[in-house]
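Per our numbering, residue 108 is the first one in the sequence shown, and the count goes up by one each step.
Treat the hints with caution; some may be incorrect.
[Stated by the list, open to error] Keeping only pairs whose Cα atoms sit at most 30 angstroms apart, straight-line, the calculated DSS-like set for lysine-lysine is:
#  : residue 1 : residue 2
1  : LYS159    : LYS140
2  : LYS152    : LYS129
3  : LYS152    : LYS162
4  : LYS129    : LYS154
5  : LYS151    : LYS129
6  : LYS140    : LYS151
7  : LYS162    : LYS151
8  : LYS155    : LYS140
9  : LYS140    : LYS154
10 : LYS129    : LYS155
11 : LYS162    : LYS129
12 : LYS152    : LYS140
13 : LYS162    : LYS140
14 : LYS129    : LYS159
15 : LYS129    : LYS140
Derived from the structure by calculation, the hints contain no laboratory data.
As the structure is a computational prediction, the values presented were derived from the model and not from experiment.
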Amino acid sequence: METTYIITFVVDGRDWSSRPIKGSLQEATDEAKDQLRISRFYGKKPKKVEFKSAKLISGNFS
Numbered sequence: 108m109e110t111t112y113i114i115t116f117v118v119d120g121r122d123w124s125s126r127p128i129k130g131s132l133q134e135a136t137d138e139a140k141d142q143l144r145i146s147r148f149y150g151k152k153p154k155k156v157e158f159k160s161a162k163l164i165s166g167n168f169s
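Using the sequences and the accompanying hints, generate a full structural model.
Structural data, given as structure tokens:
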């Protein structure tokens, strides 16, 4: 079973969450960066992006 994550970043002081992403934590984090880059949530390039959390929504919980 693949692992699925929702990644949350703090972008210029506001939380932003990715869509569910399947893969390793590193792959999910990289994909979330791409999702943020193409997101219309922020009309301009963010000044500060920080990792906040990775929520495991499916996969191996043991």
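Checked hints:
no., hint, in the structure
1, LYS159 <-> LYS140, "holds (13 angstroms)"
2, LYS152 <-> LYS129, "holds (26 angstroms)"
3, LYS152 <-> LYS162, "holds (25 angstroms)"
4, LYS129 <-> LYS154, "holds (28 angstroms)"
5, LYS151 <-> LYS129, "holds (28 angstroms)"
6, LYS140 <-> LYS151, "holds (15 angstroms)"
7, LYS162 <-> LYS151, "holds (26 angstroms)"
8, LYS155 <-> LYS140, "holds (13 angstroms)"
9, LYS140 <-> LYS154, "holds (14 angstroms)"
10, LYS129 <-> LYS155, "holds (26 angstroms)"
11, LYS162 <-> LYS129, "holds (12 angstroms)"
12, LYS152 <-> LYS140, "holds (13 angstroms)"
13, LYS162 <-> LYS140, "holds (15 angstroms)"
14, LYS129 <-> LYS159, "holds (18 angstroms)"
15, LYS129 <-> LYS140, "holds (14 angstroms)"
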